[in-house]
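Visitor: Given chain A, work out where chain B should sit, using these hints.
Protein chains in written order, with our numbering: chain A, 1 to 110; chain B, 111 to 230.
No lab work stands behind these hints, which were simulated from the structure alone. The beta-carbon is built from N, C-alpha and C at its ideal position, and this holds for glycine as well. Honestly, I wouldn't trust all of these hints.
[Unchecked claim] Covered stretches of chain B, going by a simulated chain A footprint (3 or more residues, C-beta under 8 angstroms):
| no. | region |
| --- | --- |
| 1 | 162-176 |
| 2 | 190-199 |
[Unchecked claim] Cut-off 25 angstroms, straight-line C-alpha distance, at most; resulting in silico cross-link-like pairs (DMTMM-like, lysine to aspartate or glutamate):
| no. | chain 1 | residue 1 | chain 2 | residue 2 |
| --- | --- | --- | --- | --- |
| 3 | A | 44 | B | 218 |
| 4 | A | 44 | B | 157 |
| 5 | B | 154 | A | 83 |
| 6 | A | 68 | B | 218 |
| 7 | A | 47 | B | 218 |
| 8 | A | 44 | B | 200 |
| 9 | A | 106 | B | 157 |
| 10 | A | 68 | B | 209 |
| 11 | A | 47 | B | 209 |
| 12 | B | 154 | A | 85 |
| 13 | A | 47 | B | 157 |
| 14 | A | 47 | B | 200 |
| 15 | B | 175 | B | 157 |
| 16 | A | 106 | A | 84 |
| 17 | B | 192 | B | 209 |
| 18 | A | 44 | B | 209 |
| 19 | A | 47 | A | 84 |
| 20 | B | 154 | B | 123 |
| 21 | A | 106 | B | 200 |
| 22 | A | 106 | B | 123 |
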Amino acid sequence: QSALTQPASVSGSPGQSITISCTGTSSDLGTYNYVSWYQQHPGKAPKLMIYDVSDRPSGVSNRFSGSKSGNTASLTISGLQAEDESDYYCSSYTDSNTLIFGGGTKLTVL
Amino acid sequence: QVQLQGSGPGLVEPSETLSLTCTVSGYSISSGYYWGWIRQPPGKGLEWIGSIFHSGSTYYNPSLKSRVTISIDTSKNQFSLKLSSVTAADTAVYYCARDGSATLNWFDPWGQGTLVTVSS
Numbered sequence: 001q002s003a004l005t006q007p008a009s010v011s012g013s014p015g016q017s018i019t020i021s022c023t024g025t026s027s028d029l030g031t032y033n034y035v036s037w038y039q040q041h042p043g044k045a046p047k048l049m050i051y052d053v054s055d056r057p058s059g060v061s062n063r064f065s066g067s068k069s070g071n072t073a074s075l076t077i078s079g080l081q082a083e084d085e086s087d088y089y090c091s092s093y094t095d096s097n098t099l100i101f102g103g104g105t106k107l108t109v110l
Numbered sequence: 111q112v113q114l115q116g117s118g119p120g121l122v123e124p125s126e127t128l129s130l131t132c133t134v135s136g137y138s139i140s141s142g143y144y145w146g147w148i149r150q151p152p153g154k155g156l157e158w159i160g161s162i163f164h165s166g167s168t169y170y171n172p173s174l175k176s177r178v179t180i181s182i183d184t185s186k187n188q189f190s191l192k193l194s195s196v197t198a199a200d201t202a203v204y205y206c207a208r209d210g211s212a213t214l215n216w217f218d219p220w221g222q223g224t225l226v227t228v229s230s
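Isolated chain A, as found in the complex:
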């Protein structure tokens, strides 16, 4: 199974909004709404930010939102803050009854 496709890096200035894309196929996120997003700071375990495409776990800022269109899911961070600088990974369920991750995106806050 191939990894989901994410841009290697994105950047934005404080206060701006950025969007990270995650492209899959009809065998995974194009068919299933089991898409999740994780934030990972250096040396730390990943933290769940979005699940089931657009749901936010308790305690996650509402500046984080998720969506999906066709074979592409997106994570949008509004009102960018310095603490948002991190690596972000998407994940999806597949029709082979497995899970796959994206390659990860490094977000830089300028």
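Guide: Relative to chain A, chain B alone:
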């Protein structure tokens, strides 16, 4: 709250079997959920290794399936990972995590991660 703590050797010799255990506190794993292992080679992305349902059903990454065994010990509230015939490419931080949904889906919470180095 639910907490996961991974443990096991930090150094494994090539061709040997990597063995890790995840101890769960704050929740009885026999009560439900999927429990998974994810790894991350140094400087690289996340890779799902496999998951086990509380009943014992297992699901593996096809690329690792021939070498992976995930098991569960409800009496100890633990689940374990065995990866055989390891090579340097298996050097990674290994995370254990709970799948918080009713299917293979999203992981929360995660353990702290265990760095395993494959080297002689």
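Visitor: Each of the hints needs a verdict: does it hold here or not?
Guide: Taking the hints in turn, this is what the structure says about them:
| no. | hint | result |
| --- | --- | --- |
| 1 | 162-176 | holds (count 5) |
| 2 | 190-199 | violated (count 0) |
| 3 | 44(A) with 218(B) | 14 angstroms, holds |
| 4 | 44(A) with 157(B) | 16 angstroms, holds |
| 5 | 154(B) with 83(A) | 21 angstroms, holds |
| 6 | 68(A) with 218(B) | 21 angstroms, holds |
| 7 | 47(A) with 218(B) | 7 angstroms, holds |
| 8 | 44(A) with 200(B) | 19 angstroms, holds |
| 9 | 106(A) with 157(B) | 17 angstroms, holds |
| 10 | 68(A) with 209(B) | 21 angstroms, holds |
| 11 | 47(A) with 209(B) | 13 angstroms, holds |
| 12 | 154(B) with 85(A) | 17 angstroms, holds |
| 13 | 47(A) with 157(B) | 15 angstroms, holds |
| 14 | 47(A) with 200(B) | 23 angstroms, holds |
| 15 | 175(B) with 157(B) | 13 angstroms, holds |
| 16 | 106(A) with 84(A) | 10 angstroms, holds |
| 17 | 192(B) with 209(B) | 19 angstroms, holds |
| 18 | 44(A) with 209(B) | 18 angstroms, holds |
| 19 | 47(A) with 84(A) | 12 angstroms, holds |
| 20 | 154(B) with 123(B) | 22 angstroms, holds |
| 21 | 106(A) with 200(B) | 23 angstroms, holds |
| 22 | 106(A) with 123(B) | 33 angstroms, violated |
Going down the numbered hints, you'll see the structure goes against 2, 22, while the others check out.
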